[in-house]
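Q: With chain G held as given, fit chains X, C and V with the ligands onto it using these hints.
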Amino acid sequence: MDTPDVKANEPAARYTDPIGKYIVIYLCILVLAALQFVIAYTHVDTTAMFARMLFVALAEAGLALMFFMHLWAEKRGFLLFVVVFTGFVLLAMQYGWTDSNRMEVGAPYSQPKTGVVTQ
Amino acid sequence: MHDMSAHAHVAHHAPPTSFIRKHIFSLDHKVIGKQYYGLALVAVLVGMFLSWLMRIHLGWTNFPIPGLHLLSSNGAPGNLMTPEYYLQLMTMHATIMVFFVLTTAPFAAFGNYFLPIQVGAEDMPFPRFNMMSFWVTCAAFLVLISSFFVGEGPTLGGWTQYTPLSAVGSVAGPGEGSGVVLWAISIGLFCIGQLLGALNFITTTLDMRTKGMSLWRLPISTWGWFITSIMGLTAFAVLMPACILLILDHVAGTSFFVPSNLVISDQLQPHSGGSTLLWQHLFWFFGHPEVYIAIVPGMGIVSHILVTNMRRPMLSHRTLVYSFGALAVLSYMVYGHHMFVSGMNPVSSIAFSFPTLIITIPSTIVVLIWLGSLYGSKLRINSASLFALGFISMFISGGVSGFFLAQPSIDIMLHATYFVVGHFHMVMGVAAMFGIFAGTYFWFPKMFGRMMNEKLGKIHFWLTFVGTYCIFMPFHYLGLAGNVRRYQAFPADYMQPLVPVHKFITVAALLTGASQLIFLYNLIHSRFWGEPAPDNPWQATSLEWSTPSSPPPFDNFGGKLPEVFHDPYQYGVEGSSGDYVMQTSPERIQTVRDEA
Amino acid sequence: MSQPGLTLEAHVAGLITGIPPFSVPAKKMAIWLFIIADAATFAACLVAYGFLRNGSASWPRPFHSITNVVLMTFILLTSSLTMLLGVRAAKAGDKSAAFRWTMITAAGGVIFALLHIREWLALIGEGMTLFHNPWGTELFGASFFSITGLHLLHVTGGVVALLAVGIRYKSGRYNADDLEVTGLYWHFVDLVWMFVVPFVYLLNLAH
Amino acid sequence: MAKLFAVTIIVIAILSAIPILRHTWWTAPDVSMHGLPIDEQMSETMAEAGISFLASQILLAIFIWKFSHSKPGEKIRTFPGGAMTMVLGAFLLVGTEVLALGAFGAKAWATIYFTAPTPNAMPIQVQSGQFAFYFRYPGPDGKFGPIHPDLISEANQNFFGLDTDHDPDSKDDIVTAEMAIPLNREIHLLMHSKDVGHSFFVPELRVHQDFVPGLDLSIHFTATKTGKYEIVCTQLCGLGHYNMKAYLSVLSQEDFDNWLKQQAAQQ
Ligand code: HEA
Ligand code: HEA
Ligand code: CUA
Ligand SMILES: [Cu+2]
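Keeping their order, the protein sequence lines are chains G, X, C and V. Residue 38 in this note's numbering sits at position 38 of the first sequence, and the numbers go up by one each step. Residue 1361 in this note's numbering sits at position 361 of the second sequence, and the numbers go up by one each step. Residue 2161 in this note's numbering sits at position 161 of the third sequence, and the numbers go up by one each step. Residue 3162 in this note's numbering sits at position 162 of the fourth sequence, and the numbers go up by one each step.
Chain G with its partners taken away, still in its complex shape:
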């Protein structure tokens, strides 16, 4: 019998895009990176700044992932696997934040302070 379908084994991402496309993406990423620096100089509170920066960083990373790393050109199944799996794991890591908030305010169910003072 003949060998397995060799074509099917070949990667979908073929790196044949025109250089111009890469440069456009590169410029987009540069602009987004610059945007982060701009956000850093706006006067908003840390939480809002964090949220904006996260948003921009995700956009940047998305561009890099899809076009620099050619995920967009891979099979959709692979794209979904990488994005959904990684996203899920990273999301599952976020369970702890409420405990971080409690580091300062103490437990949500303890009203009176016990009187520990920090020198």
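A couple of the hints might just be wrong.
Subject to a maximum C-alpha distance of 27 Å in a straight line, what follows is the list of computed DSS-like cross-link-like pairs (lysine-lysine) [what the hints assert, rightly or not]:
no.: 1; chain 1: V; residue 1: Lys3261; chain 2: V; residue 2: Lys3143
no.: 2; chain 1: C; residue 1: Lys2091; chain 2: G; residue 2: Lys21
no.: 3; chain 1: C; residue 1: Lys2027; chain 2: G; residue 2: Lys75
no.: 4; chain 1: V; residue 1: Lys3261; chain 2: X; residue 2: Lys1458
no.: 5; chain 1: V; residue 1: Lys3245; chain 2: X; residue 2: Lys1503
no.: 6; chain 1: V; residue 1: Lys3171; chain 2: V; residue 2: Lys3066
no.: 7; chain 1: X; residue 1: Lys1034; chain 2: X; residue 2: Lys1022
no.: 8; chain 1: V; residue 1: Lys3143; chain 2: V; residue 2: Lys3107
no.: 9; chain 1: V; residue 1: Lys3071; chain 2: X; residue 2: Lys1455
no.: 10; chain 1: X; residue 1: Lys1455; chain 2: X; residue 2: Lys1034
no.: 11; chain 1: C; residue 1: Lys2027; chain 2: C; residue 2: Lys2095
no.: 12; chain 1: G; residue 1: Lys21; chain 2: C; residue 2: Lys2095
no.: 13; chain 1: G; residue 1: Lys75; chain 2: G; residue 2: Lys21
no.: 14; chain 1: C; residue 1: Lys2091; chain 2: C; residue 2: Lys2027
no.: 15; chain 1: X; residue 1: Lys1560; chain 2: C; residue 2: Lys2095
no.: 16; chain 1: V; residue 1: Lys3225; chain 2: V; residue 2: Lys3107
no.: 17; chain 1: V; residue 1: Lys3225; chain 2: V; residue 2: Lys3261
no.: 18; chain 1: X; residue 1: Lys1455; chain 2: V; residue 2: Lys3066
no.: 19; chain 1: C; residue 1: Lys2091; chain 2: X; residue 2: Lys1034
no.: 20; chain 1: V; residue 1: Lys3066; chain 2: V; residue 2: Lys3003
no.: 21; chain 1: X; residue 1: Lys1455; chain 2: V; residue 2: Lys3003
no.: 22; chain 1: V; residue 1: Lys3003; chain 2: X; residue 2: Lys1458
no.: 23; chain 1: G; residue 1: Lys75; chain 2: C; residue 2: Lys2091
no.: 24; chain 1: V; residue 1: Lys3071; chain 2: X; residue 2: Lys1458
no.: 25; chain 1: X; residue 1: Lys1022; chain 2: C; residue 2: Lys2095
Sample of chain X residues facing chain V (criterion: CB under 8 Å; computed from the structure) [claimed, not checked]:
no.: 26; residue: Leu1027
no.: 27; residue: Gly1173
no.: 28; residue: Ile1369
Calculated from the structure, these hints are not laboratory results. Computed from a predicted structure; not experimentally measured. Note that the Cβ used here is the ideal one computed from N, Cα and C, for glycine as well.
A: Just chains X, C and V with the ligands now, with coordinates in the frame of chain G:
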């Protein structure tokens, strides 16, 4: 049959000639699998030995164990174990068992040996990574063991190493010095080793399958290893930085996990700003997937063995695989169930409790599929199938006790008691171990070319099955009565009446432990003097039984990769070779299909 | 299953072959898996940092100038582009161009690392160590050095990989696919930096 | 062999259940106001899990018994309904079972942890350290003096790091090594650890809460029966972990007042 050159672009290496390449730094997945098995065997003997010492101490606290001072003159002056030495042994017992036995044997050892063969590959795509994976794991084991001999001995913080106890150093008492650092280095190395292994397992399963081997034609054991390696990929990747931060806290004076204003041994500690809950979140984010990493390969192995011995396909192969997948997904969402009363936000407890309860559904499906497949089967009883059936029984017992712990309201009474110890020994210390035993009796002929002694195997099974129930069932009762774990003695008034139960458990543990020597004898004796094994002693269908010899030749299939024509478990059909048709047989048959 | 044989097995096994479901060859698959694991590692570090920063009463904001980090970011992002051009050339069979671009990328990595080390030394000169700094909350130094250190380690590893693979590619031992795989890793290092810059530097900018 | 195995499984399952049914070893009787839902939750779970446990073990045994002795020519058979039965069974039976219990359990948990103590709850502070608990009562002024970590010293017997010379609130604070509480009075327990993690576990009171270094936690409970109980530490805290315990006396109001006076006199 098609030519191997189809796969020539990956991992084609010639058989080694030198002794070192053949047996030590071997690139052959089969040798590496055996090396992992050997490592697990050494580790389990150490771990079991430690558990004997612990048990003797718990039953008869003032009984001097002859010769114990030779092991550690500080830890056991006059052969009497000190409280800290008990905890040190306990920590080492757990670490060795969880990491170096339960992750290595069912996953790395059997997986390495059989996953490439079951998918019909010559080897893994990255044999060098594979070799490194083993040697890094081996180094991790040596680092861990070395802590017995360095400084004040191994760490006493338990396998969970809760901070700040584990992060502040020797001020917190003996067993918190170099032992912790060695522990963290060892576990960090272990993570690297398993990451390398996981890369190989996943790529082998996805890219190295032979012609005709679609994903749904993979045996369930392969699915078990595959899903486990996906879990391992991210779980170990989180534990490793956590260990590095712990080491920094310990030696570099940082305070990631140590809060401000601690007064230990009347000294105000220099640390500030860290969080102990952060360590718990990071550890359990790894820790819970880890326990499924320990059980899913066992489930796969047991399914594989059961099918062969039931002489019929599973009720539904696919449902089993989907359930494994569901376990893997859910295992990332439940980790906080270890922290219900640990000071975690009590709202999170509810958020973690429901996924934990839901995880019983896929587990139940797995158990019911096994039971339903038994119905109407033509069950063969041999050592392997006995252990596989024992696995089911043990998994039910241990799983049901997990169902109590999953509810925070009940966990108030059961957390940190022997109920938890009973729970996890049932699922992990026994069920998963039974997976290893079943795998050993089943695959030994293929791995070593000789049959194991069935009679000894059955004696071993009976003693172990009854013995482990005698050890671990009473743990649940102790827990209900409020017996706290990680105690080297039970001075509390209400625990005193429970000591006789501990004595009973100790006797059972020693007897059960002793009966493992039968297994050891069987293993060694059969290795050299067992009856020569035929190529397919169990009349099984999957690819590992179609290799041209036992053990398989260097390239597994003797120069010709097999071609696969059937679903993995074509039992109960009229084939030319009897009631089964091998995956490689080009015979036309009416496929035995599952429905769901 | 009910009775054996609901369907007649299609005998032509070619209908179902062992084609990789993602059509991603082994090496590329392996690097992607490594990237996923590494993403979890970095995420764990960043989450730990955020957890502690969020839980601290005050957090130092000692960075006055962004010149250095802008420069570093620009160099790293640009090195991603040169990497891409290298891989593209390799895929098109232009060996010497591929080699040249790869070396340029490696040079970008070296410059990045040198700038980074210079910055570290400056901070250490200001009195910042792993467990102490002149601005208060001690965890600042610990988290800064551990996160940027981990990243620097990746850059260093990347440079070594680029040099090794590049040279072997030139000598013909490695092919374009190997270069592509190295490139994927390099882009990932770049991608991580996109998160390190805002969270570790920009959020701690003095106002 | 198979029959013997089947019988063994059944015998083990039944033997395992007997101590549970006979309560040979069982949770200590509840003496708390909030414990009832916990105990109900426990017995519900025990009943449902017990039935599941026995049913699945016995089913396993029966199948092993029946299907291990097939004759050579016999055909294999399929469970009625195939895998669908199993999946549906798991989802419907176990699914509803766990979700129902989960909902009730969540409610029980919420009544304990999501409620604030009543304003007239009596505040008591507990500090855990290697390897002892210390308790502090605010004294007549009803106020706890501040804690100075740098003053904490076992050697000087200043367990809480109080500065009685400078802090007026600290002067009348009563520090004890045993805990006593009045009957039927809500207690607001303020918990902190001075060194590593510990835990506060009183089985009879259905109270179990870890001390988290660096985090002030509090719990509240009411005892409904006089008696002497034990507080044990359940979080691994070092070599003395096994021996870290204290007594908790639940006294009538009168006895409690006397006890507190006595303790105050000893300060
Ligand atoms: C192989 C390892 C393994 C496995 C598979 C499991 C499986 C489960 N575990 Fe376990 N667990 C551990 C290893 C494991 N665990 C370890 C090591 C610890 C302690 C760590 C430490 O603190 O040191 C622990 C601790 C632990 C805790 C924390 C206890 C505490 O510290 O207070 C909890 C709480 O929810 C829990 C729950 C569960 C649940 C719900 C399952 C479920 O997946 C079980 C599902 C299975 C079944 C339910 C059985 C089959 C089903 C039926 C027969 C049908 C009918 C049954 C019912 C309706 C109940 N486990
Ligand atoms: C896989 C995990 C595993 C295994 C197998 C065991 C096996 C045993 N354990 Fe272990 N144990 C743990 C994991 C395990 N344990 C963990 C995680 C803890 C928690 C520690 C902590 O609190 O931090 C613990 C704690 C623990 C305690 C509680 C300590 C305390 O809280 O104070 C006790 C007490 O009796 C105990 C006893 C035993 C006994 C008697 C055995 C055995 O001796 C039972 C008899 C042996 C067997 C049934 C099989 C042995 C297998 C083979 C001989 C061959 C296998 C083949 C190959 C690997 C190739 N263990
Ligand atoms: Cu305090 Cu254990
Ligand atoms: Cu868990």
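Q: Would the stated hint for Leu1027/X survive a check requiring a Cβ distance to chain V of less than 8 Å?
A: Violated, because the Cβ-Cβ distance from Leu1027/X to chain V comes to roughly 41 Å (cut-off 8 Å).
Q: Could you grab the alpha-carbon distance between Lys3003/V and Lys1458/X and see if it respects the 27 Å cut-off?
A: Satisfied, since the Cα-Cα distance of roughly 14 Å is no more than 27 Å.
Q: Going straight from one Cα to the other, do Lys1034/X and Lys1022/X come out at no more than 27 Å?
A: holds, 12 Å
Q: Does the structure keep Lys3071/V and Lys1455/X at a Cα separation of 27 Å or less?
A: At roughly 23 Å apart (the allowed maximum being 27 Å), Lys1455/X and Lys3071/V satisfy the hint.
Q: Are Lys3171/V and Lys3066/V close enough, with their CA atoms no more than 27 Å apart?
A: Judged against 27 Å, a Cα distance of about 78 Å means the pair is violated.
Q: Can the restraint linking Lys3225/V and Lys3261/V be considered satisfied, given a maximum Cα separation of 27 Å?
A: holds, 22 Å
Q: For the pair supplied as a hint, Lys1455/X and Lys3003/V, confirm whether the alpha-carbon distance does not exceed 27 Å.
A: OK: Lys1455/X and Lys3003/V at ~17 Å, within 27 Å.
Q: Between the alpha carbons of Lys2027/C and Lys75/G, is the straight-line distance 27 Å or under?
A: Between Lys2027/C and Lys75/G the Cα gap is close to 16 Å, so the pair holds against 27 Å.
Q: Measuring from the C-beta of Ile1369/X to each C-beta in chain V, is the shortest one below 8 Å?
A: Since the shortest Cβ distance to chain V is 5 Å, the answer is holds.
Q: Within 27 Å, alpha carbon to alpha carbon, are Lys1560/X and Lys2095/C?
A: Distance ~36 Å between Lys1560/X and Lys2095/C Cα, so the pair is violated.
Q: Compare the distance between the alpha carbons of Lys75/G and Lys21/G with 27 Å, and conclude whether the hinted pair is satisfied.
A: This hinted pair holds, its Cα atoms lying about 20 Å apart.
Q: Under the criterion that the straight-line Cα-Cα distance not exceed 27 Å, is the pair Lys2091/C, Lys1034/X satisfied?
A: Not OK: Lys2091/C and Lys1034/X at ~40 Å, beyond 27 Å, violated.
In the structure shown, a violation is registered for the earlier hints numbered 4, 6, 8, 15, 19, 25 and 26, in ascending order.
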